[in-house]
Amino acid sequence: SFLSSLLLAFLFGSNIKADIYFYLLLVTTLLNTWFYGINFYLVVPEFIHRYQKNKKDAIDFANYFINLYTLIGLFIIIATCLFPAPILSIISYFSKEQINKGLFLVVLGSAHFVLFFIMSFFINLCESFQLFKIYFLAPLNTLLPLIILFLTKNIEAMFIGYITAEIIQISICLYLLITRAGWFYSFKKPKLSDKFKKDFWAMQPNSFINM
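Each residue of the sequence shown is one higher than the one before, starting from 22 at the first, in this note's numbering.
The set of hints was computed from the structure by calculation and includes no laboratory data. All the given hints hold, so there is nothing to weed out.
Taking lysine to any residue and the SDA-like style, the derived pairs with C-alpha atoms no more than 25 Å apart in a straight line are:
1. 218 to 86
2. 77 to 217
3. 154 to 192
4. 38 to 112
5. 77 to 218
6. 174 to 128
7. 154 to 58
Pair by pair, the computed Cβ-Cβ distance ranges are:
8. 174 to 148: 32 to 42 Å
9. 34 to 75: 55 to 65 Å
10. 107 to 55: 20 to 30 Å
11. 26 to 172: 14 to 24 Å
12. 51 to 220: 14 to 24 Å
Just so it is clear, CB atoms sit at the ideal spot from N, CA and C, and this is done for glycine as well.
Please model the complete structure; the sequences and the hints are all you need to start from.
In structure tokens form, the structure reads like this:
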């Protein structure tokens, strides 16, 4: 990742699109630091606890969050497709002229943010079943962006590479869960305990500080 940053600096220098790319990458990383904690410290442990008691209930519970994350993710991506300039102006101090040069980056950045978060959740689920082979795909997160960058010489290639790597890993996680863990898909809304809700709100200050 460090070498990737150096390569981008070498290829694009002090370029407004490069500035917007690094800014969006920072924002997505910070936000995922916050939301990753929700899955790692709360949702997945609750899933494991439920799985020890009732497999179907546990999978329904995890599917509920998969569906929820997917719906929220679609909303974020559609919103950035429709209003990329206003959204970037809200979260940054780039000028209107600068923002107009990086509109496609905003859309790609939002897709990267959503898919990375969903991918991380699927990896956490695979970990709970000790399906550690998924780790062998981690280098794709660096290699694919670099390969596409060399082919296109556009900074958008970095986000396109991240998105491609994330789609591949989500697909393989799903395959492993279905074939190795007996996973099934459902739309059932599980009952969330008062303790789970209390823990959710209690952990938010810590997650914010970590971000």
